[in-house]
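Residue numbers (the numbering used here), protein chains in the order written: chain G, 26 to 112; chain R, 26 to 112.
It should be emphasised that the hints constitute simulated quantities derived from the structure, not laboratory data.
Incorrect hints may have been included.
One copy or two, it doesn't matter: identical chains are merged, so the pair holds either way.
As the list claims (entries may be wrong) - Computed cross-link-like contacts, DSBU-like style, restricted to lysine-lysine with a CA-CA straight-line distance of at most 30 angstroms:
(1) Lys63 - Lys30
(2) Lys76 - Lys37
(3) Lys76 - Lys63
(4) Lys76 - Lys91
(5) Lys37 - Lys91
Below, each chain spelled out in residue letters.
2 protein chains.
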Amino acid sequence: MALVKVYVNYKKSILNPEAQAVNNALQRLGYEDIEDVKLGKYFELTVADGKSKADLDAEINEICDKLLANYNMENYHYEIDETEAAK
Amino acid sequence: MALVKVYVNYKKSILNPEAQAVNNALQRLGYEDIEDVKLGKYFELTVADGKSKADLDAEINEICDKLLANYNMENYHYEIDETEAAK
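Use the sequences and the hints to build the structure in full.
Structure (structure tokens):
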């Protein structure tokens with residue numbers, strides 16, 4: 026089994042009020058050395074074996090484009106961990 | 026500046042309907058080799074320089090416990106990337 030870790034973040038030009046709220050809360054709590062907060066989504070997909078690396082790449086990109094990320098507002102990147110199955 | 030990447034996931038025993046919905050959608054779309062989906066949050070904190078590694082660890086743990094993760098339902102882990110500032 027492969028474990029695919031997908032990170033989805035808002036694009037820089039998109040305002041993210043939730044991240045801003047976290048940043049404000051941190052400042053209020055006195056963590057003044059935190060200069061910026063970004064907040065995104067983190068998916069772990071457990072994928073059955075039997076696909077080549079190229080096919081797996083194609084499938085993951087398709088899944089991200091169709092379902093996990095909104096390409097108008099979000100960027101994604103992913104890592105494939107062949108050895109580790111999702112815990 | 027250090028970039029701290031914090032991953033917050035639900036504990037195994039906690040039902041995550043959003044992850045389940047994504048998994049159902051993937052099955053419906055024909056991605057039958059996806060066996061499991063986990064969904065969590067991903068924070069990137071940009072932290073000003075000037076703290077020792079131990080102090081930074083202590084601060085990040087405190088922030089996670091207080092604000093970023095709900096310790097009843099969620100686990101977190103983090104990575105500190107000293108060289109890379111948040112893009």
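Within, between, both or neither: Lys76, Lys63 at alpha-carbon 30 angstroms: between (34 angstroms within a copy, 21 angstroms between copies)
Identical-chain pair category, Lys37 with Lys91, by Cα at 30 angstroms: Both. Shortest intra-copy (21 angstroms) and inter-copy (27 angstroms) distances satisfy the 30 angstroms Cα cut-off.
Within, between, both or neither: Lys76, Lys37 at alpha-carbon 30 angstroms: Close across copies (27 angstroms), not inside one copy (34 angstroms); limit 30 angstroms.
Alpha-carbon proximity context of Lys63 and Lys30, limit 30 angstroms: both (18 angstroms within a copy, 9 angstroms between copies)
Intra- versus inter-copy proximity for Lys91 and Lys76 (alpha-carbon distance at most 30 angstroms): Result: close within a single copy only, 20 angstroms intra versus 42 angstroms inter.
In summary, the structure agrees with every hint in the numbered list given earlier.
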